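Enquirer: With chain A's structure known, arrange chains B, C and D on it following the hints.
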Amino acid sequence: MKKPLLCMLTLAACLSACYREERPTPPPPAPPQLAAQSAARLSDIEPGAPRPPAALPNKYEENAYALSQGKSLFRKFNCSGCHSQGGGGMGPALMDDKWIYGSEPANIYATIIEGRPNGMPAFGGHLTNEQVWQLVAYVRSMSGQVREDAASSRSDEFQTAPPEGRREKATPKNAADAAAAPRG
Amino acid sequence: MTPAAAIPQSNPVLDRSWSDPPGIIGWLSATNHKTVAMRFMLTTFGFFVAGGLLALIIRLQLARPDSKLVGPDFYNQLFTMHGTTMMFLFAVPVMQAVAIYLVPLMIGARGIAFPRMNAFAYWIFLMGGLMLYTAFILDIGPDAGWFSYPPLAGPEYSPGKRVDFWAQLITFTELSGLLEAVILITTIFKLRAPGMTLNRVPLYVWTMLVTSFMVIFAMPSVMLASTALITDRLVGTHFYNPAEGGDVVLWQHLFWFFGHPEVYMIFIPPLCFMSSIIATFSRRPIYGYPVMVLAIIATAFLAFSLWVHHMFATNVPELGKSFFTAASAMIAIPTAAQMFCWIATLATGKLNFRTPMLFALSFFVILLIGGLSGIMLASVSLDLQVHDSFFVVAHLHYVLLGGAVFPLFGAFYYWFPKFTGRLMNETLGRWNFWLMFAGFNIAFFPMHIAGLQGMPRRVYTYPAEMGWGMLNLISSIGAAILAIGILLFIVNVLRSRRSGTPAGADPWAAGTLEWAAASPPAPGNFSIPPVVASRYPLWSEGGVAGSVKGLVDHRREVLVTSVLDAIPNHRATLPESSIWPFISALAVTVLFVASIFTPWAVVWGAVLVTPPLVAWFWPKKAATQRNLQREVKP
Amino acid sequence: MSSPRFRQTPAADIDVSLLPTYVYGAGSMMWWGTMGLMLIEGTVFALAIVMYFYLRSHSLTWPVNRAPELLWGGINTAILLVSLVPNWLTKRAAEREDLPAVRRWLAVCLLCAALFLTARVFEFGALHTRWDSNAYGSIVWMLLALHTTHLVTDTIDTAVLLVLMITGPLEGKRFVDVSENAMYWYFVVGSWLPIYAVIYWGARL
Amino acid sequence: MKLRATIAAAFLLGLCLCADAQQLPAHNALEPAGVQAAEIHQLWRLTLLICSAVFAAVLAAFLYAIWRAPHSAQQAPADVSSLAHPEPRLQRRITLAVLAAAALLLVLVLADFLTARRLAHLPLKDAVQIEVTGHMWWWGARYLDDDPSKLFDTANEVHVPVGRPVILQLSSADVIHSFWAPSLHGKKDLIPGRTALLQFRVDKPGLYRGQCAEFCGFEHALMAFTVIADAPAQYEAWLAAQRAPAPAPVSAQQQHGQAVFMRSTCAMCHAISGTDAGARLGPDLTHLASRSTLASGALPNNRQQLAAWILDPQRFKKGANMPATPLSSADLDALLSYLETLK
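Protein chains in written order, with our numbering: chain A, 10 to 193; chain B, 89 to 722; chain C, 96 to 300; chain D, 66 to 408.
For reference, chain A alone in the conformation it holds in the complex:
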């Protein structure tokens, strides 16, 4: 009675190996065809009126290793130099609910690749696609947008904010939405 049950359980388990735990990650999730779209956008970079966000899910948001790689890249590439661990400084805060250029993965991807006015450099070419998606996943985790069990825990360094995995999920307010909302 127990054996077939056990076999079935094992089989089911094998088929559903946990994606959250996979590492080192295989080739990145299929790149959304951003290059073509963004090529068009390159000409009229401006805040306000972002395109309707391409709601493409970033699979890395569910992978703990990719998120931790993103965190490590964020630190190593000195993103904190401007964004200061996400709390904001010279650059905008990334831990809060305000998104100037949109909170969707594709928006953040474009921000990293193309840069934004007022100081955000374009990292296109300097980063591989995979690295960018890892960073995108991590940046979203900074305001609690990803699964709690995949987001990073504390780092082995001075603590400036609670670990990503323990942050309240902020409901993103895109600047565009805020502008569109009737003022009261």
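To be clear, the hints were calculated from the coordinates, so they are not data collected in a lab. Note that the coordinates shown come from a computational prediction; the quantities given were computed from them, not determined experimentally. A couple of the hints might just be wrong.
[What the hints assert, rightly or not] Sample of chain C residues facing chain B (criterion: CB under 7 angstroms; computed from the structure):
id	residue
1	D110
2	L142
3	H153
4	S154
5	W226
6	A230
7	S233
8	E266
Think of the CB as a built atom: it goes at the ideal place given N, C-alpha and C, for glycine as much as any other residue.
Expert: Then chains B, C and D, alone, in the frame of chain A:
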């Protein structure tokens, strides 16, 4: 010659009151120490086989240089799981599992103290093991080594839940191990047959007493360490974060303060498997009973004073290191004394080389090599060279297989007739022994050389030009032979269980009390509990001086005696079988597993765990009524 | 007290049918079980205190934050010490099998535990550090949380025993349970004193 | 018997393999090339001798015991006379044996103590100071000098002068690693938050391999380094060369290669002194072409392997942190030509 009390008699009333209830619910409610112990042994053996299979994949991968069979990710999980399984799910628990079967029989008791807690400890252990293997199958297998050094095992470098499952496994197994230690200590101190004063206690029971005390003092250390690790990972504490005042070496101290005594928890019980087997097959008592007991106690004490020899390569102070070298060398002395006593016993005995004896005697080769290489590792300077190299892999397998697994297999051959009523096949047994012995040495001896040639541990591959290929190939071949030996053991068990020669109560004409019970023992062990007057009651004239009368048969009544001299003190009634230990274990499992994902699980988990625990404790009206009828106040 | 007492083991068959069916104190298995648990938990506490001083020896400033306020810790210690009295009375009543007294004093013990747990909540607040602030905060919280776990367990134990003493079913050995529960409370109080010293005065040394 | 045969076979094989490995960088605790390793090797020989003697003696006693003792049937009555009477002869012999064991242990402990003392008292005057940092999974080395302009970084290969003591200041950038060059000295852990010192002296010129000895994650197995012991003059020449910044690219292709380096992923992690590339996340590449291996000893350093490594590091080191860099063949060619100038 056999005293009256030693003749097993059947007593249907007694059997019924000590039997486990029927049906599936009854199966889950079982609390008889033999039932629980049998499940415990089978479970630990299952984990042993699983850990062994992992080891075979490891050996397959390392058989050739630059092998691409498994990648680093899976390999790291493999060796972590292998180490964790063997240390936490096999080596320590199997010793306790055998003990909860044998100790009550050896001390002439009808049951074990706290039988429900015993069942609970088993279920907790089983669920912990299943949790770990479920995680492994789901690719959440821990991959930071069985020693989980932070920061590698910490939140930053081990993202995801892999190490959390490891840390929770520690909680499961330590909880189970600690409870078993309390049960064994109480059983040994309070349930001995009248007349079994402390200096008549069988050596094996002594070792379990000492081991249980070691468990109590050592295991809290790793529990504390792993709790700190898991809170570091889950709620952001800073125990191991040097930037916030923590220290990664703190983990190493706590871990090895447990980890080194653990080796002795694994190694001390088999010492007295040896003593039991050698006495029986030399047809004489072990020479130097007081020396043996004192040696075990000395070993246990010293075991707590040498944990730093695992950390010589860190920057602990030099003078401190010399102390630990001296302590590590000193622990060889009691072991040497024990070995000399056994040799003396052999030299003055009348020998009979049956399979259990072969396994026991292999100790003199394998453990001797392991012990001597241990002395090399204890030296600060030598250790700097061989530490974390394959030399250590060789050493620890010589100690743990030679010191624990070979005697354990001998013990299985020796007590199998007691467990099942049938003898194991002798021819298969000899094949089994020689294959294991040869396979073991072929597998592990070359690792000494590989280590000296500079091969580090825990590597998933090595470049061909290092020239380690041939040594590793030999090792892998040896591992295969060893595996065939163990396969033969399984075949032998399966065959003998059905069609082995019927054994009778005492097939080896041995001297200790467990052989006075039937094979397999009746649910209540002894229909007429004995009174003891000798260390080897079944050998000495008048060793079983008489019997205990007046214990009630229709309840689970045991005679509680005094600690030192085993003078009868009172009659206690052990509780009925109950499903609640199982349900409590389930609730605790939910708490532990859920707390990997959210710290709040500790709070609502506690709410979940409390009702079954209360139900477990809550007395039944009928049973209370029955007890009241025969109650005698102190 | 007519039951037989064995001074030494008789040589031949012995009849134990007149021996008591339960005893108090070190003779009983329950005493040894409780002792075992206390030994385990005592080891845990001792090691946690060692951890405290180890971390302290590796830190330049200690305490890293403001030292904990003395008020709530002091109140708690006082409550705990006071609770020893009803606890002792409970133990004595249990061993005399005086059911009304057992009920009364168990209830007082429970009250003490409830008071203590309430004060404990404030005590956490008065630590002036969080578990995730730094290693000092982590170890202080761990010490206090470990002890609180024991308090909670023993409070639940006491509550269950009180209900049992009121509703039954009762037999003599249930009084042994009460007596052992009281012994465990001694341990909870006894282990608090060094922890209190470490948390409050270790930070001020 | 089987055991003996096994030991003999294993030893013989081991010896053959040692002989084979002669051509390569030395990596063997049994072939010391420096004074520290030699001290330890001496202690090893003494320990091995004593332990072998003890092994032989105990085994002989054991075999003698089971050879001498009579055999019997299993059901033969047991002889329990020893429970009543002491056995003084056995007692004397066992006491003697235990005392002998204790005495031998004392010898070993003393020898160990003396070795540790000698190791601690080796002269350190005029030592070369190198800061070694463990990274997942490569080694950074910084040659210290009182004159800050003479500082320079290199990776995975350290040159040291023969006959002069070397002090390594070991620290870690991430997890615990352990520095172990078996032919030179025992190992020392690199622990985050702490600094450890390792002193050694190489007495024979040559190449010595070492490897990380503390499990540190995916590529723990392929985290090797080479210590190159040069004659003093050669060493000084090497120092001078290393202190110089990278030469400017000359040909158009090399210049194009440098541009590729600067605008692709390379410059995010690697430093080349004398250029804009200053990141310290990967090995310093200022004098890459002067090194004999790539990827922490995983590959030989030549154009082909370098190209393969750049295009797909994970093919060689599955867990490597360096990302695969897709480059057109023209860009790759140019990049390789540029990197080859970094002598």
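Enquirer: Let's test the interface hint: is any C-beta of chain B closer than 7 angstroms to that of D110 (chain C)?
Expert: Since chain B brings a Cβ to about 5 angstroms from D110 (chain C), closer than 7 angstroms, the hint holds.
Enquirer: Should the hint that A230 (chain C) touches chain B count as held when the rule is a Cβ pair under 7 angstroms?
Expert: holds, 4 angstroms
Enquirer: Given a cut of 7 angstroms on the nearest C-beta pair, is the interface hint for L142 (chain C) held or broken against chain B?
Expert: holds, 5 angstroms
Enquirer: Could you check if H153 (chain C) really has its C-beta closer than 7 angstroms to a C-beta on chain B?
Expert: holds, 5 angstroms
Enquirer: For the restraint on W226 (chain C), tell me whether the closest CB of chain B is nearer than 7 angstroms.
Expert: Constraint on W226 (chain C) satisfied, holds at 5 angstroms.
Enquirer: Does the CB of S154 (chain C) sit less than 7 angstroms away from some CB of chain B?
Expert: holds, 5 angstroms
Enquirer: Would the stated hint for S233 (chain C) survive a check requiring a Cβ distance to chain B of less than 7 angstroms?
Expert: At about 4 angstroms, which falls below the 7 angstroms cut-off, the nearest Cβ of chain B leaves the hint on S233 (chain C) intact, so it holds.
Enquirer: Does the nearest C-beta of chain B fall within a distance shorter than 7 angstroms of the C-beta of E266 (chain C)?
Expert: holds, 5 angstroms
Every hint from the earlier list agrees with this structure, and none is contradicted.
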